[in-house]
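Q: Here are the chains, one letter per residue:
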Amino acid sequence: MARLDVGSQVIIQREHFGELLEALQKKSYKTIGPTLREKAIVYEEIESVNQLPVGWTEKQEKGKYRLVERSDGALFGYNVGPQSWKSYLSPPEVKLWSARKTENGFEVEEKSDEMPQYAFIGVRPCDLSAINILDRVFLDDEYQDNVYGERRKGLFIVAVNCTEAGNTCFCSSMGTGPRSREGYDLAITEIIDGVDHFFVTDVGTENGAAVLEEVTWEKAGDSAVEAAEERINEAADSMGRDLDTDRLRDLLFNNFEHPQWHDVAERCLSCANCTMVCPTCFCHTVEEVTDLEGDHAERWRIWDSCFTLGYSYIHGGSVRKSTLSRYRQWMTHKLASWHDQFGTSGCVGCGRCITWCPVGIDITEETAAIRKSGKVPEEKVDQPQP
Amino acid sequence: MDLEHNTLTKEQIEANPMLPRRFRIDKVTWETQETFTHELVPIDGADMFRFKPGQFNMIYVFGVGEIAISISGDPDDDSRLYHTTRVVGSVTRRKQNLVEGDILGIRGPFGNHWPVEKAVGKDVVVIAGGIGLAPLRPVIYYLLNHRDQYKRITLLYGTRSPDKILYSRQLKEWGARFDIDVSVTVDSADTDWQGHVGIVTKLIPKAVFDPNNTVAFVCGPEIMMRFTAMDLLKFDMPEDKIYVSMERNHKCGIGFCGHCQLGSYFICKDGPVFTYDKLKSYLSIKEV
Amino acid sequence: MEDLEKIVSQHPFFEGMDKNYLELIIGCASNVRFDEGQQIFKEGEEANRFYMIREGSVALAIHGPGSGNVTIDTLGDGEILGWSWLVPPYYWRFDAKAKDRVRAIALDGKCLRDKCEENHDLGYELLKRFSHIIDQRLQATRLQLLDVYGLRT
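Chains as they are written, first to last, in my numbering: chain A, 1 to 386; chain B, 1 to 288; chain C, 1 to 153.
Keep in mind the hints are simulated off the structure, nothing from the lab.
Just so you know, these numbers come straight off a predicted model, no measurement behind them.
Some hints could be false.
[What the hints assert, rightly or not] Subject to a maximum C-alpha distance of 25 angstroms in a straight line, what follows is the list of computed BS3-like cross-link-like pairs (lysine-lysine):
#: 1; chain 1: A; residue 1: K380; chain 2: B; residue 2: K241
#: 2; chain 1: B; residue 1: K241; chain 2: A; residue 2: K321
#: 3; chain 1: B; residue 1: K206; chain 2: C; residue 2: K6
#: 4; chain 1: A; residue 1: K321; chain 2: B; residue 2: K280
Model the full structure from these sequences, guided by the hints.
A: Take a look at the structure:
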């Protein structure tokens, strides 16, 4: 088949969808996609369509996540689970380098890990935005993060637009979904209508077009494109949550001493779940791991969280000792200071932090509570106000 | 043992900012009972790097880990690297036991610098508290190396007690010069101490400077910097001519690990040096 | 006498003071000198004076627990030494010793106390100036108490 143009739309029938995985695998991509494990939908290496959570969906609420069977055979009939793609791009544990002890010190040993070339299958628009945000965090400054960069470099992304919104979703508020706007190689919209089951597919890059050369597709008629559009709009209208972002940064900077922080601190367990499930939380520590003899040492990069006491430790003690200060750091970073650092919000509205909070703290409710009684300053403030 | 051998090339190290360069400890000087200075020279045939006053390095001790320490040597002398360390945590405890000839890993220099270039043609007041003199020592070296570019130069230094004074021989040497005014004060002393007693801000009214044409560089504990800045403001110094240096936890030094955040800033790349107006709110909010 | 008036009125402590009050104050003033190492006053002695230091430096010391005499403050040019004359029972709480040659104006506290009793406006003016100094010293003492340079573990 002829090479498609970037920007064109085609249809892939359900029975040909497996060809997409095969085409990617043939091009040596390691295909990572959603699959069922331990009663949750997680992202793992998948070799065939059968490994997708076919006919499953999730019910999400504050502090609750349950898998429920669907009546149709949808491949992507759910939203997001506890994991995000950062697990692959900035893994929870990575060895940075290792060293051998010498008489007076040490010698660095070269690391020679082959980087897998990933293809992500089923990246939700919120998560696609999260990857774009992580690009800014890790690649957009004087230094580039090798761990992220090496994994991001050859990444192929198959985005999937959302046709249903979860109960903790608020991507419409954050402007990140439910349609993918940029950053994908291919973006699909799953349509099931009676016996019809197909994917309206947008070609985002030349790479995407090249892969489609190996896949059976047909021209997308107006009705299919309209159906996709309609489903996405329905998702947009059925968001389970809403977050008012109007001058949110200034609102939060102006309310660093708001009583709501005390309120949420009473409930927050400082367990760090929200930071682990957040697709943009990028903080990590670097730890020294030595063998028993002490002849060999390894430097490991491990996810860390601003909710731990050790995170802000400087000699003499931690800067943020109270739960209040740690929750405030997390939320104001995500929704306020992130704008100053990376020119975007750090929140993509995926709702994971709401679902996976063991005590059901809801970032949209906390923000609304501050907005209700807190004042938005008349002019932009450059620092949090005491 | 072959010290010159390294499995990594210079290019590899430069391509990966997380890899340390190896330096040999050439001299250890104990400044006080719990503070020591390492003089380091690069091995593996690597060039000595240049740094600017106020920048820091991540120092790696094999088997223990890394710690951020400011560079305390002369920025115009690239033959040696100086680090003054106070023994406080696991890395510094191990570090104090290292001897001449031992090898450390160095990543850096990181962070911005005390903008000595913005003080040209002006009076300069350097105010240090405790170990805060270490990151400011490169400023003094620089100012004295380029003495004709500056007007009056004053160093005010406060610390806990006479036995905690850093670089005491050097302070005496500088104190004997006519082109820099040096005053040292301690929080308390026995009656043998001939110098000032009291907090460092008490020295400010005695310093001679033109508030409208002065740059102040302040480094010490946060509370000391806050009070010092407030006193300088009483003398009508503009907020953006007062520079302070912040300390936070560092794991990477290059803006990725997140630990050094202070509100909108990453101390490792936006700092550690800030003008007071960019920091004053942060200094007055608890646990920020 | 004219010289004394000039010195007192130009001292920062009396800056902007009404001329009439200054005259009353100068009536209680005298020039003093201390040699290096000379004791100016001792803890427990009756406090009947305060000093405006013109030149030199004075160490305030207290006998600390197990550590001998500890210097807790030093005062220099332009600073005020002593306010125990103002507060009953009018005894010095510290030792004061000249660290080098000190020239100062001594003000007779008993004389000033009497004048302040007679003229409350003068008393208020003087107290205002002293409370400013007391506040500064208290703030400084608090910071010293915090031991900001020490290691907290």
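Q: If you test the structure against every hint from before, which numbers come out violated?
A: 2
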